[in-house]
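Chemist: Each chain, letter by letter, is given below.
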Amino acid sequence: MKPRASDYVHLVRMAGLFAVGITAFLVLRWLMVPADFGELGHYRTGAVPDNMARPIVYAGQAVCVECHADVAELRARGKHVRVACESCHGALAAHASNPDGQKPVRPDPRRTCISCHSANISKPKSFPQVVPEEHAPEGSCAACHAVHNPKIS
Amino acid sequence: MPGVEGFIYPNELELQWSVLIVLYPFITGLVAGAFILASLERVFNVQAVKPTYRLALLTALAFLLVAPLPLQLHLGHPERSLEMYLTPHTQSAMAMFGFVYLWYLMVVLVLEIWLDYRRDIVLKWRASTGFARLLYGAMALWSDNISESALKLDDRLGRALTVIGIPSAFLLHGYVGFIFGSIKANPWWSTPLMPIVFLFSAIVSGIACILLLYFVTCWLRRVPVDMPCVDTIAKYLYYAFLVDFSLEMLDLIHRLYEADESFRALDFMVKTRLFTSQIVLQIILGTLVPLVLLGLSQLVTFREKTRRALYVLAGSLTLMGIFAMRWNVVIGGQLFSKSFLGYTTYKMEFATREGLLPAIVLMILPFVILGVLIRLLPPWGHGEGDRGTHAQG
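Chains as they are written, first to last, in my numbering: chain X, -9 to 143; chain B, 10 to 402.
Where hints are given, some of them may not hold.
To be verified - Below, in silico cross-link-like pairs of lysine to aspartate or glutamate (EDC-like), each with a Cα-Cα straight-line distance of 20 Å or less: (1) X:K(-8) - B:E157; (2) X:K93 - X:D60; (3) X:K113 - X:E123; (4) X:K113 - B:E21; (5) B:K347 - B:D240; (6) X:K115 - B:E14.
Unchecked claim - Sample of chain B residues facing chain X (criterion: CB under 7 Å; computed from the structure): (7) Y18; (8) A147; (9) M148; (10) A159; (11) T285; (12) V289.
Read the hints as simulated data drawn from the structure, not as lab findings.
Ideal Cβ positions, reconstructed from N, Cα and C, are used throughout, including at glycine.
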């Protein structure tokens, strides 16, 4: 039996449905993809100035040293010499540009130390590490170690 | 450090790909396998497996709908995954796969099921009232032409779709293997055999799943099991399994013989941390035992009752074995250190976003969806005929 035109109706409707779906997708894509996407690479060109406009939160230790020369000098005598101020203190750009208005909170002298020194098999053996529960079950590590020059001589 | 042995790098301590990522290839495998079984009947006209044709299609759909969910749960920002469709990166296998998935879901499965069921849908539309009438009317696209010539047209189109569908199903699952096989930093994954091993294990798991589902539905409906049908499916299962097993052995022998720099580490891992899941569950219980059982049923003619029990046992073991295989690939690939000097352990969580609980829910969900689909579109013909209703092409 040869198919008649009416036998195609449901197929045409289904094809129409697909066409509507694909069109909707294309419209959505056109609406949602930013105009400058892909100009420079697989990203939005505007993302570059957007990121550049974000406030800088780290000051960099050269800045800290200008005012806290005493701490820097203390640190220079111990093994923490190459540990940057802000890796323990956190981002302090706001404080560096306004030291009196933005007084920083002191880092916790136990949690901070453990985050680097708790023993872990994947750390190089030469790195000083302790099992905190055994070495100092509780309290501040600063009770015995000077935080900026931790060697107990 | 508990659970760690030897030397590992800090970022290797915690596994990033959890049990959900194990589920994903398992589920897509069931989809591809179920669909390929259905296609056999359609394309090669294997009459014997006809009672499972529609069941297999609906199962594939139910599982395919759930397949992306484990990935979505794994993502911290699931809503961003849609951006993959808007601005796909053509060099990313994962990004391109989004389109393979959509193609397979919409063009292959939904369309094929629709064409196959159109006659039933129209009949239901005519017979129902109220909301059901609206629903079936919408599904029929308000066209109630089920004249012989229209159905014949549907059948021809459906056949063409199946022919496109088989390579699509191969693509769907071959891709999942590709994702793992192409990670060159991981010697446990990186082998060009991976896509094809995944594909055949997918076929095996899909066939086993349909076999079991068929038994369960017969039991629930209190109708006798069609023995020629399950015999044929079991035969396919056996053959597909043989190919799958040979491929996996080929991979293994190749690794043993090549014994490259990763070999000692992997060998140690398989003999210790993966011993239960790889040697016992995957290879012995999940592959060798079902292969022997199925092989035996090919050689010896058992009584029907014995055969049924045998098939159910072999099917269940097979599914467990394939799940173990997915587990060993995904989890196993993250247990050893890239330094080849140490090992970590996978600690599965329970009621967290990527824990055991969501995994269990995700594994139950496809069966709920399947239940609804079966309700809407009963896969069995009218009366006891049980043979598919589409016109013979």
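Chemist: Evaluate each hint against the coordinates.
Modeler: We went through each hint and held it up to the structure:
no.: 1; hint: X:K(-8) - B:E157; in the structure: holds (10 Å)
no.: 2; hint: X:K93 - X:D60; in the structure: holds (18 Å)
no.: 3; hint: X:K113 - X:E123; in the structure: holds (18 Å)
no.: 4; hint: X:K113 - B:E21; in the structure: holds (12 Å)
no.: 5; hint: B:K347 - B:D240; in the structure: violated (47 Å)
no.: 6; hint: X:K115 - B:E14; in the structure: holds (15 Å)
no.: 7; hint: Y18; in the structure: holds (5 Å)
no.: 8; hint: A147; in the structure: violated (11 Å)
no.: 9; hint: M148; in the structure: violated (11 Å)
no.: 10; hint: A159; in the structure: holds (4 Å)
no.: 11; hint: T285; in the structure: violated (24 Å)
no.: 12; hint: V289; in the structure: violated (28 Å)
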